[in-house]
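J.: Below are the chains, spelled out letter by letter.
Protein chains: 2
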Amino acid sequence: MAVLKIERKVLEKNDEIADEIRKELKSRKTFTLNLVSSPGSGKTTLLEQTISRLKPTHSISVIEGDVQTDIDAQRIDKLGVPVSQIVTNGSCHLEADMVRDAFEQLRHVSSQFLFIENVGNLVCTADFDLGEDLKVAVLSVTEGEEKPLKYPAMFRVAGVLIITKTDLVPYLGVSLETFRKNALTINPDLVVFEVSSKTGEGVDAWVSWLKQQVR
Amino acid sequence: MAVLKIERKVLEKNDEIADEIRKELKSRKTFTLNLVSSPGSGKTTLLEQTISRLKPTHSISVIEGDVQTDIDAQRIDKLGVPVSQIVTNGSCHLEADMVRDAFEQLRHVSSQFLFIENVGNLVCTADFDLGEDLKVAVLSVTEGEEKPLKYPAMFRVAGVLIITKTDLVPYLGVSLETFRKNALTINPDLVVFEVSSKTGEGVDAWVSWLKQQVR
Numbered sequence: 305m306a307v308l309k310i311e312r313k314v315l316e317k318n319d320e321i322a323d324e325i326r327k328e329l330k331s332r333k334t335f336t337l338n339l340v341s342s343p344g345s346g347k348t349t350l351l352e353q354t355i356s357r358l359k360p361t362h363s364i365s366v367i368e369g370d371v372q373t374d375i376d377a378q379r380i381d382k383l384g385v386p387v388s389q390i391v392t393n394g395s396c397h398l399e400a401d402m403v404r405d406a407f408e409q410l411r412h413v414s415s416q417f418l419f420i421e422n423v424g425n426l427v428c429t430a431d432f433d434l435g436e437d438l439k440v441a442v443l444s445v446t447e448g449e450e451k452p453l454k455y456p457a458m459f460r461v462a463g464v465l466i467i468t469k470t471d472l473v474p475y476l477g478v479s480l481e482t483f484r485k486n487a488l489t490i491n492p493d494l495v496v497f498e499v500s501s502k503t504g505e506g507v508d509a510w511v512s513w514l515k516q517q518v519r
Numbered sequence: 305m306a307v308l309k310i311e312r313k314v315l316e317k318n319d320e321i322a323d324e325i326r327k328e329l330k331s332r333k334t335f336t337l338n339l340v341s342s343p344g345s346g347k348t349t350l351l352e353q354t355i356s357r358l359k360p361t362h363s364i365s366v367i368e369g370d371v372q373t374d375i376d377a378q379r380i381d382k383l384g385v386p387v388s389q390i391v392t393n394g395s396c397h398l399e400a401d402m403v404r405d406a407f408e409q410l411r412h413v414s415s416q417f418l419f420i421e422n423v424g425n426l427v428c429t430a431d432f433d434l435g436e437d438l439k440v441a442v443l444s445v446t447e448g449e450e451k452p453l454k455y456p457a458m459f460r461v462a463g464v465l466i467i468t469k470t471d472l473v474p475y476l477g478v479s480l481e482t483f484r485k486n487a488l489t490i491n492p493d494l495v496v497f498e499v500s501s502k503t504g505e506g507v508d509a510w511v512s513w514l515k516q517q518v519r
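Quick mapping for you: the protein sequence lines, in order, are chains L and E.
For the first sequence, the residue numbers in the numbering used here are 305 to 519.
For the second sequence, the residue numbers in the numbering used here are 305 to 519.
Since the hints were made in silico from the structure, they are not lab data.
Please note that a few of the clues may not be correct.
Since the list can't tell identical chains apart, any single copy or any two copies may satisfy a pair.
[Unchecked claim] Keeping only pairs whose Cα atoms sit at most 30 angstroms apart, straight-line, the calculated DSSO-like set for lysine-lysine is: (1) Lys485 with Lys502; (2) Lys485 with Lys382; (3) Lys327 with Lys515; (4) Lys333 with Lys382.
Using the sequences and the hints given, assemble the complete structure.
T.: In structure tokens:
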């Protein structure tokens, strides 16, 4: 009971900080996306593909969240966009105060897009508002069609679902339609994209949609 | 600070219950495995393949942990082994008291193997002892070679690593050697198996190893 109360307090405090972050980002006209998924769904690769397409016309910055290592931040850094790394040291999700600290390092840059790549975790990341405009759930076709049903919270709070690794569909015996149907059963308002970061298929549609959000 | 203390208390209480479970399972000569992984790594499919090979010679029971739905328990039930479902209702990992309750339902059966399939989560499940003899980490090749480095806690507490979906290696540009090397960097004592539940490759070696544990 005490744990529950403290948990609620942690969430309340988190939401306060998230609101502050959101206010500041809004005043800077930065559109902020919180990318959430299981480990290995292809968030970083999708981000690389997205950034390389957006960069010629738009300003971008990135916050990378990881339990350990800065492998992902190094990958993003190679693309020549400002990136700040959060190492959570065991915590399974980002919280708003971590994002506030990371954002301090990026305060000098003004970006149209801020991508926050969360820790790979399909459960706990759903609860924590980071001040983003939008949660983007990323689900790879290799994870299985039933995942939206089994992990509904994430698909409920997300505004966009990106189904990744579609190039592997022929080898898996899965159906993109079933993925889509299961996700929309949980949240009928989801905007769904199907992409292969490997072949590039579908990435342009996602990037076009992103550009519309800041027009 | 208060939160940290309560977290520690939760873990202590958990470990006490886990020790009770372990004692009882030991007296019953049940070898218990706690299967942990990201969502979609193929734990349930591997379990199906394992059970169908073990069942002719060994007695088996299963506890299924899920945030929502009993999809996995239904799959296991079809194989004709006793299965108990835990729905965590949002909690991202199993705890020992949930397993104790589930075990109550299986108390009348005597099994040489008890498989506990944890919630899909590569972070939080590492912290909670369920009374098992062994944690088995499952990692699919589609998740990427660097995952043991990025989520080290899980690979540190596991005794066995099963690399799954090896049939997809030709389409991914990944190397099984690198997976293995990265995992052994984190934990040199890991027993590593490489399997494809689809083609069946490698499953026999894993099942032979299991049989040796109860000989």
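J.: Each of the hints needs a verdict: does it hold here or not?
T.: Here is what the structure says about each hint:
1. When the C-alpha separation of lysine 485 and lysine 502 is checked against a cutoff of 30 angstroms, the pair qualifies both within a copy, at 24 angstroms, and between copies, at 25 angstroms.
2. When the C-alpha separation of lysine 485 and lysine 382 is checked against a cutoff of 30 angstroms, the pair qualifies only between copies, where the shortest distance is 25 angstroms, while the shortest distance within a copy is 37 angstroms.
3. In this homomeric assembly, lysine 327 and lysine 515 come within 30 angstroms of each other (Cα to Cα) only inside a single copy, at 21 angstroms, whereas the closest approach across copies is 59 angstroms.
4. Only within a single protomer do lysine 333 and lysine 382 lie at most 30 angstroms apart by alpha-carbon distance; the minimum there is 25 angstroms, versus 54 angstroms between protomers.
In summary, the structure agrees with every hint in the numbered list given earlier.
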